[in-house]
Amino acid sequence: NAGVTQTPKFRVLKTGQSMTLLCAQDMNHEYMYWYRQDPGMGLRLIHYSVGEGTTAKGEVPDGYNVSRLKKQNFLLGLESAAPSQTSVYFCASRPSDGYYGYTFGSGTRLTVV
Amino acid sequence: RKEVEQDPGPFNVPEGATVAFNCTYSNSASQSFFWYRQDCRKEPKLLMSVYSSGNEDGRFTAQLNRASQYISLLIRDSKLSDSATYLCVVTPHSGSARQLTFGSGTQLTVLP
Chain A
14 NAGVTQTPKF
24 RVLKTGQSMT
34 LLCAQDMNHE
44 YMYWYRQDPG
54 MGLRLIHYSV
64 GEGTTAKGEV
74 PDGYNVSRLK
84 KQNFLLGLES
94 AAPSQTSVYF
104 CASRPSDGYY
114 GYTFGSGTRL
124 TVV
Chain B
3 RKEVEQDPGP
13 FNVPEGATVA
23 FNCTYSNSAS
33 QSFFWYRQDC
43 RKEPKLLMSV
53 YSSGNEDGRF
63 TAQLNRASQY
73 ISLLIRDSKL
83 SDSATYLCVV
93 TPHSGSARQL
103 TFGSGTQLTV
113 LP
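Chains A and B are the protein sequences, given in the same order. Under our numbering, the very last position in the first sequence is 126; numbers go up by exactly one each time. Under our numbering, the very last position in the second sequence is 114; numbers go up by exactly one each time.
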């Protein structure tokens, strides 16, 4: 059982380039989330999804777009990367019932130069 | 004011010591509480949920004080392997997505 898988694990982009981060989970979880983590800032929610075909903005959505075309996948897109988007990106998922914590992916380290 | 506040530390303690972390939250409607552990350059992992009556898991004890809006984590008989950053986590309200709000973390180093 793989849990939550993020690809790629590392990426270096030039300013203005675009890319898509993929998150895949095999636990049949309804809820999926994208966070970014910066030193001293903790984890901040970018976007989230409560089910297939639905997305919503989190705390820091600007510069990012997301899609959830399939229940198991949650994609995070950067249309025009900026150095301020240099960060570690974590995807997480959880079931819709009960009060359970998240399962996280192992993260994507993105550097924008 | 941040929704969840933690002392960033670092806490440097000798092996075998007892150490406690506190965390305060601002939203009195918060419903669920957790402690996560994050090792350097790794993803956060759920350490334990925090229940109203307090709960224990081996050397770890978590407490919730709703009146004062804080949660605590006590680690007894610290091991070298306990060195990590400990994240305090709450659900901000009873919204349908139940997204979690994370504190910035408290860094613990257990010294030999």
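Bear in mind the hints are in silico, worked out from the structure with no lab data behind them. Cβ coordinates follow ideal geometry from the N, Cα and C atoms, glycine included. Incorrect hints may appear among the rest.
Here are a few chain B residues that face chain A, going by a calculated C-beta distance under 7 Å [to be verified]: (1) GLU45; (2) PRO46; (3) LEU48; (4) TYR53; (5) SER55; (6) GLN101; (7) PHE104.
Next item on the list: Find the hints from earlier in the document that the structure breaks and name them by number, from lowest to highest.
Entry: 4, 5
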